[in-house]
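Based on the sequences and whatever the hints tell you, model everything.
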Amino acid sequence: MASGKVNTKMGFYLIPLGIAVNFVLGQIVTLLRLPVYFDAVGTMVVGALCGPVYSIIAALATGALLSITSPSNWFYMANYLAVGITAGLFAKWGFFKKLPKSVIYGIIIGVICGVAGSAVTVAVYGGYTASPTGIITGAIVKTFHLGLFTANTISECFSDIIDKIPSAIIAFLIVKAVPNRFLLKLPYGNEYIHGMNRTENGE
Amino acid sequence: MNSKEKFINSFRNAKLHGNFILDLNPFTKLNCAFAIFLGAALLGHYWTRLAVIIICYVINALSGKENFKRFVKLYSFVAFLFFFFLIGLNTCFRPGETLYWEWGIIGITKEGFFYGLSMALLINEICGSIMSFYMVTPMKDIMYSVERLGAPRAASYIMLASMQSIIDLGKSANTIMESQSARGVETSGNLKTRAKAFVPILFPLFLGAIAGTEEKTVAMETRAFSANRKPTHMYELRKTPALEKVFCVFLDLVVIISVVWRFLP
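Protein sequence lines correspond, in order, to chains A and B. The first sequence runs 1051 to 1253 under the working numbering. The second sequence runs 366 to 630 under the working numbering.
By construction, these hints were calculated from the structure, which means they are not laboratory data. Just so you know, nobody snuck in bad clues.
Derived DMTMM-like pairs (lysine to aspartate or glutamate); straight-line CA-CA distance at most 25 Å:
(1) A:Lys-1147 <-> B:Glu-579
(2) B:Lys-610 <-> B:Asp-388
(3) A:Lys-1151 <-> A:Glu-1241
(4) B:Lys-561 <-> B:Asp-533
(5) A:Lys-1192 <-> B:Glu-476
(6) A:Lys-1059 <-> B:Glu-586
(7) A:Lys-1226 <-> B:Glu-580
(8) A:Lys-1059 <-> B:Asp-533
(9) B:Lys-430 <-> B:Asp-388
(10) A:Lys-1059 <-> B:Glu-580
(11) B:Lys-505 <-> B:Glu-601
(12) B:Lys-581 <-> B:Asp-533
(13) A:Lys-1059 <-> B:Glu-579
(14) A:Lys-1142 <-> B:Glu-579
(15) A:Lys-1226 <-> B:Glu-579
(16) B:Lys-434 <-> B:Asp-533
(17) A:Lys-1226 <-> B:Asp-533
(18) A:Lys-1235 <-> B:Glu-580
(19) A:Lys-1235 <-> B:Glu-586
(20) B:Lys-434 <-> B:Asp-388
(21) B:Lys-380 <-> B:Glu-431
(22) A:Lys-1192 <-> B:Glu-462
(23) B:Lys-604 <-> B:Glu-370
(24) B:Lys-561 <-> B:Glu-543
(25) A:Lys-1235 <-> B:Asp-533
(26) B:Lys-604 <-> B:Asp-617
(27) B:Lys-430 <-> B:Asp-506
(28) A:Lys-1059 <-> B:Glu-512
(29) B:Lys-595 <-> B:Glu-512
(30) A:Lys-1235 <-> B:Glu-579
(31) A:Lys-1192 <-> B:Glu-467
(32) B:Lys-505 <-> B:Glu-609
(33) B:Lys-581 <-> A:Glu-1241
And the structure:
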């Protein structure tokens, strides 16, 4: 193993990059008119390569910076925090090493964000968000006569899972494409080194 | 005094923006933003909430022409979205006693409309005060003040470097997008075509940025960023005038008294 100190520094400088990726992917997606947000890919990559502490910092900074242009993001800070915590933890458990596991992570974080988000929506907005998701919620409430929280959970889980599964897959592909010589300098990088005959201790 | 001396002297004193609102201490502004929006939220009248939204416009207008233009452009869009969706959805879906019109799952009610209006005003006044705070306080000033309170300088670096990285990465994303469409990658068409265009933009962008990060690490470390000493600042803010502190306390008291007075029997 490379010494821990060298590793941490490179990880630290990766955080602003992760935050910028969160922003810029959102812009590209808007330009290409795709029906997703992709504002968590950078956080996931930072979590996968550097671990929970880094991804939590990246997630919180993303939330704070996104709220400059859309202040309502402050209400959903818990969602960003959830992505930050889970991205690092699941990377620790090796979830970004294989594609199927990344997809599972996408589903799990989609459900977590859906439930947390709907709790916020009910508490702050009184039930309906200012987005097309709100229309789905309204339709569910009226058609199936469900409570607002249940209806919100269903519609937000739906939209979050659609968003988070591709995000997790992209994060997995990016991590896979990072060159070895860069991986060596990152805290969790040793796990992802490819194209070499690795021995048990990852050297 | 020639221009060189002027430039050098500008670093000897605290930085001033030359505008009464921009020069206020960041914490004064944060205090005002919180006091105003919490007050209006707790008082609960339509008029106080509308007044806060108007105050936000006035504050930004006073803070300079450029700021005002940016604020109007960003905030008007956000405000319109909230009014449109919150009033529309609550009117159509919230159950109420006074039913005006019903068709399928949509039922337009009076209670729903007023609930939506009050909710939209509430969310808009909160968003307006948060956005005004960001507009009249440069991120540099916020991070400088937070650092003075004892936050690590790494925090300042992350926030300020991210803002720069967002601009840089956005530029290179545009370059890559144009190059890829020049060599024949379709960036418009149906959903599948557009989704396919995403991949050849993403990977060059991210891998290029990672190479840049490596250079940045070396550059920062050779300039002793991780050195274990207290850093000096080239950019300093002025000492907060006493009048500003008095004003803060006064505003907080007014808000607290009016909220208490409202809820007293």
